[in-house]
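**Q** One-letter residues, chain by chain:
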Amino acid sequence: MSFSKFTEEDLAALRAICGEARVTPREEIGDDFCHDELGGAFHRPDARVKVLSTDEISAVMRHAHARNLPVTVRGSGTGLVGGAVPVEGGILLDTSGMTHILELDEQNMTLTLEPGVLLMDVAKYVEPRGFFYPPDPGEKTATIGGNISTNAGGMRAVKYGVTRDYVRALEVVFADGTVATLGGKVAKNSSGYALKDLVVGSEGTLAVVAKATLRLLPLPKFKVSLLVPFPDLEKAVSAVPSVIRASSVPTAVEFMERDVILAAEKYQGRKFPERSADAYLLLTFDGASQTEIDLAMEAAAETCLAAGAADVFISDTDERNESIWSARGAFLEAIKASTTEMDECDVVVPRSRVAEFILFARSLQKRHGVRILSFGHAGDGNLHIYVLRDALDEKTWEAALRGTFDDLYARARELGGQVSGEHGVGFAKKSWFSESVSPETLAIMRGVKAAFDPKGILNPGKVV
Amino acid sequence: MKTLVCIKQVPGTAQVEIDPQTGTLKRAGVPAKMNPFDLYAIEAALRIRAAAGPDSTVTVLSMGPPQCEKVVREAFAMGADSGAILTDRAFGGADVLMTSFTLSQGVGKLGPFDLIVCGKQTTDGDTAQVGPELAEWLGIPHVACVKAVDAVGADSISVTADLPDREVSQRVPYPCLITVEKGIAEPRLPSYKLFKSTAARKVEYIGLADLADSDPKHYGLNGSPTQVKRIFPPPSGAGRTMLEGDAAAQAAALADILEERNFLR
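Those protein sequences? They're chains A and B, same order as listed.
First residue of the first sequence: 1, per our numbering; consecutive thereafter.
First residue of the second sequence: 1, per our numbering; consecutive thereafter.
Just to be clear, a hint being listed does not mean it is correct.
Unchecked claim - Result set (DSS-like, lysine-lysine): computed pairs, CA atoms no more than 27 Å apart in a straight line:
no.	chain 1	residue 1	chain 2	residue 2
1	B	K193	A	K235
2	A	K271	B	K182
3	A	K50	A	K5
These are calculated hints, taken from the structure and not from any lab test.
Starting from the given sequences, assemble the full structure and let the hints guide the process.
**A** This is the structure:
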C-alpha cells in the first residue's frame with residue numbers, strides 16, 4: 001500500500017478542522033505516542049490530532065481519504081500488540097479526549113458514551129447507580145473505544161462473556177468520512193449482516209468508533225472469592241472443567257503459580273495471605289443473594305477438594321478480596337519488573353486443553369533457553385504466557401523468542417485454539433495469525449477490509 | 001501459653017448511613033463482618049501460639065447479639081481453638097467504659113490468660129480505647145499500637161509499638177495485653193476445611209448471670225457514663241471551590257489561592 005506524503009498543507013487542513021492546539025506536528029510528538037505497552041513497534045506519526053466530536057472525526061477522515069493518508073486511531077495506548085502504533089506514519093487520531101458519558105437509559109439498561117471514556121470510569125459511573133458492565137480486562141486505564149476495537153475480554157468472561165456481548169450499538173465513521181449507526185438499543189437483531197459485531201474487534205481497520213451504546217446488567221450485590229491451593233499446576237488446571245460444571249458458573253477462574261505470586265509480593269512490597277502451595281486457582285462467585293453464592297461456593301469447594309486441593313480459602317470481605325486481587329492485578333507489572341524485556345502470547349485454547357497447553361509452554365523453557373511465566377484465565381482457556389529475556393543478548397533473545405512463539409502458536413492450533421484471546425492481532429501477531437487461518441478465510445477477511453476501506457487508509461499494516 | 005483475642009462484628013461496608021433522627025447507625029440490612037483490625041489480632045495470636053510451642057491455645061471472645069457467633073466461627077476457620085460470646089440484653093447500649101468492663105468480667109469467667117490481644121480499634125466505634133481500658137480493669141500492663149512481635153518468651157513478650165513520633169520496643173511480663181496495628185502480619189484466610197471440621201464445636205454463651213458482678217446497673221446503657229447527644233455525618237463538599245475557565249485561567253486562579261494562603265514563598 002502506498003500513501004501520499006504528509007505535507008504542510010495537510011497540517012493546515014487538520015488545524016482548520018480541530019484548531020491549532022489539538023493538532024501536533026511530527027517534530028513535537030513525544031515518544032509516548034509512538035508505541036504501546038508491549039507490541040515491539042515504534043513509529044512516529046506525521047501528526048497527532050486530538051478529536052473531540054464525531055463531526056471532527058468525520059472531517060479528518062474526509063481529508064485523509066481525499067488525500068490518501070493513513071489514519072491510526074489511538075485511545076490510552078495500553079494495547080499489547082502494537083495496534084495503536086502508526087506503522088505507516090500519517091495521522092494519529094487520538095480519541096482520548098472524547099470522555100463524555102452521554103446517557104444512562106435505565107429502562108433499556110444501556111449506557112451511551114464517547115470512545116475516550118476509561119474502563120474504570122464506566123464502573124465508577126454505573127455501579128453506584130445499581131448497574132454493572134461485566135467486561136473486566138486487567139487494564140482499567142484503557143479506553144472503552146480500545147476495548148471495543150480489540151473485543152477485550154478479562155476475568156469475568158467465564159460467566160459473562162466479552163466486550164462484543166455488551167455492545168448494543170456503535171456510531172462509526174467510515175474511511176471516507178461517512179457517519180453511520182450500526183445496531184441499536186435492541187436486545188435482538190436479525191436484520192442483515194451484523195456489521196456492528198464485525199467492527200467490534202477489528203482493531204481500527206474497518207471504521208472509527210465515535211460513540212458506543214453498551215448493554216448493562218443489574219449489579220450483583222454479593223460476591224465471594226475462593227483461593228484454592230493445589231500441589232501442582234496440572235492438578236489445579238485439570239480441576240477447572242468440573243468446577244465450572246459443579247453448580248452456578250463462577251464469575252472468574254484464574255490460575256496462578258507460586259513464582260508469579262512471589263514476583264507480585266516483591267513488586268508490591270506486601271505479603272500474599274497464602275503461600276503454602278505451588279499452584280492456585282482463584283474462583284469468584286457473584287449473585288443476587290448470600291444463599292445463592294453460599295451454595296455455589298460450597299459445591300465448588302467440594303469439587304476442588306475431590307480434585308486434590310489441599311484446602312479452600314474463603315475471601316468474603318473487601319479487605320480480603322483486596323489482599324488477593326491487588327496481587328492478581330499486579331502480576332503483569334511484577335513480571336515486567338522482574339526482567340529486562342518480555343513478550344507475551346495471548347492464545348486461547350478450549351478449556352479442556354488448558355492444562356496440557358501450560359505444561360507444554362513450561363517445557364519450552366528448556367528447549368529454547370528462556371524463562372517462561374504464565375497466569376491467566378483458566379476458566380475461558382485464555383492464557384497469558386510471558387517469555388522473559390533476562391540477561392540474554394539481542395541475537396539469542398530474538399531467536400529464542402521467535403522459536404518459543406512458533407512452538408506455542410503451532411501447539412495452540414493443534415489443540416483447536418486461536419492466536420489471540422483478547423489482545424488482538426495488531427502488528428505483532430500478524431504473521432502467526434495469517435498462518436492460523438486458511439488462505440480462503442484470509443482472502444475473505446481482506447475482502448471485508450476492502451469493502452469497508454477500499455483505499456486501505458485505516459490502520460494499515462495491522463491484522464490482515 | 002493461653003492467649004485470648006477480643007473480636008467484634010461490625011458493619012460489612014464502609015458506607016453505613018447514620019439515621020439523622022436517632023443518631024444511630026442504620027445496621028438493618030447491612031451485611032456484617034469481623035472488624036478488620038481483629039483479623040490482624042487473630043493472626044498475631046496464631047503466630048504467637050506457634051512460637052510458644054505445644055499446649056498453647058488461642059481463645060476468642062466477642063460481645064454482642066447472638067448473631068456475633070458468626071465471627072467466632074470465622075475465627076475457628078482461621079485456626080482459633082475455642083470461643084465464647086458475651087450476650088445479654090443487659091449489655092446493650094454499652095459505651096467504651098462499660099464494654100471494657102463487660103469484657104473484663106468475661107475474661108474473669110474464661111481465664112486466666114497469659115496474653116490478651118485486641119485489634120487497635122474497630123471500624124465502627126474507632127475509639128481505640130477498649131483494649132487499654134480492658135487492661136486497666138484487669139490490672140495488667142498493656143502496650144497499644146503494636147506493629148511487631150519481636151520475641152515470645154516463657155514469661156514475657158517483646159513487642160514494638162508504633163507511636164506517632166517514634167517506635168518503642170518493650171518487654172512485657174505476662175499477664176499482659178497488646179493492641180495490634182494493621183500490617184503486623186497479613187491475616188490468613190478462613191479455611192473451608194476448618195469451617196466444616198469446627199461446625200459442631202460449641203461456642204460458649206455468657207450472660208449476666210454467669211458473671212462475678214451480676215448487678216445489671218453495672219452494664220450496658222445503665223452503667224454507661226457517656227451520653228450520645230447527636231451523631232451526624234460531616235457535611236460533604238463544603239469548602240470546595242471549583243475553578244472555571246480554560247487551563248490558563250484555572251492555573252492563574254489556583255496560583256492566586258496558593259499565594260493568598262501563603263503556600264508560595
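**Q** When the structure is checked against the list of hints, which entries are broken? Sort them ascending.
**A** none
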